[in-house]
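K.L.:
The end of the sequence shown is residue 471 by my numbering, with every number in the run present.
Worth double-checking, as some hints may not be accurate.
[Said to hold, decoys possible] Just the calculated beta-carbon pair ranges, DEER-fashion: (1) Val270 <-> Asp135: 47 to 53 angstroms; (2) Glu212 <-> Ala411: 31 to 37 angstroms; (3) Arg159 <-> Asp274: 52 to 58 angstroms.
Keep in mind the hints are simulated off the structure, nothing from the lab.
Bear in mind that the values here come from a model prediction, so they are computed numbers and not experimental data.
Glycine is no exception: its CB is placed at the ideal position from the N, C-alpha and C atoms.
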Amino acid sequence: TTGKEVLSAHRSRRGRNGTALLSACPPCQGMSSARSRRGQETDAQAGSRDQRNLLVEVVANVTDAIRPQFLVVENVPAFLSRLVVDPRTKTPISAAALLIDLLSDTYRVYPFLTDLADYGVPQRRVRAFLTFIRRNEPMMEALDASNRVPYLSVEALPGGGPARPTLRQALAELGARSLDAKCRMDAVDESDPMHSVPVWGDDHRYRMVAAIPSGSGGRAWANNRCGDCGEIEAERDDAACPGCGGPLLRPVVQEADGSYRLVRGFRSSSYSRMAPDVPAATITTASGHVGSDLTIHPFENRVLSPLECAYLQTFPASFKWGDALRRWGPTNVRAMIGEAVPPLFTELHGRVLVGLLDGNLNKLATMTDPRVTKAVQRLNRHRSPASTRDAHDLRAMSGV
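Using the sequences and the accompanying hints, generate a full structural model.
P.N.:
Take a look at the structure:
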């Protein structure tokens, strides 16, 4: 199916009815901090090598074709500042700034940069949003007059401020049964296939995770334990037991000569239990890998299950996954969960937009909200004085 066919089908379905909302999420992999080979943020040539970073052109083309009242774009924070080569001028520009420039004649943009935990998502998930509104919409005059932006103020939440639920609270609310990665019988909830984890057996990986104290938020890198000798005294960079020479219960690999060394990686976040009394770490596409950033269960010897990851992403517990696991496998299902925009925030933001269509500006954030000013400042980090109609608007939001 081609883009033209999709647009044609959309027009046929809508008829004379206009489109209220277009939602777009250009791929973030070329900008994500999880990718170590993406190059420096200021290296526009490296940024353009990953063609996905320029898919904002497609977003602009579709927006021009159907002219929705709102366009909402979500991405990682680097979307605002990671430079690419502007296809029009061959000069450096961020993908977000390129999209803003392409749509500036018709749309006003409102950037936003927030940790979604502030809005009740039980994980740390810092994301950038661009909400575009057609300049001829009646709501624009009211937004300008009230100094408001099309996002919910955290002060309007039930607690009167940032929510930030903890991982412990979320897991208790879900109420899923305990699992253990040592054997298949304990690694699967037969009543719910989504609540299952990889089986490790009684191998080094399992014993390494088990050595991290439950509920500690600790790291396997700090395990002072040998599988044969038990607790020992070891230096920070030791990979082998000073007594027997066997591998410590740390992230180690065995060299060709039989010696051991520590895995090369980020010791601050990999091979670590999630801390239970703060929001969970960001749920990523690699949630099934023990060596990825903070994927180990806070109390049990395993990674989080797809069911738990989906719940931390605020998928409703009643959501029916059907035969997704059988059809696509756990790796792909975990990837889909990790890519999602948390439905809780999507609903909160959607209600704001519906309210704006009815002229309701209650509970909206202001232009001086730090989530707005930080987004604008990051957007303008490497940006020369803009020639678009949004230049003055963005300077006003950032306080410049």
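K.L.:
Does each hint fit the structure? Answer for all of them.
P.N.:
Quick rundown of the hints versus the structure:
1. Checking the proposed 47 to 53 angstroms range against Val270 and Asp135 shows it holds: the Cβ atoms sit about 51 angstroms from each other.
2. At roughly 35 angstroms, the beta carbons of Glu212 and Ala411 sit within the given window of 31 to 37 angstroms.
3. At roughly 54 angstroms, the beta carbons of Arg159 and Asp274 sit within the given window of 52 to 58 angstroms.
Hint compliance for this structure: every hint is met.
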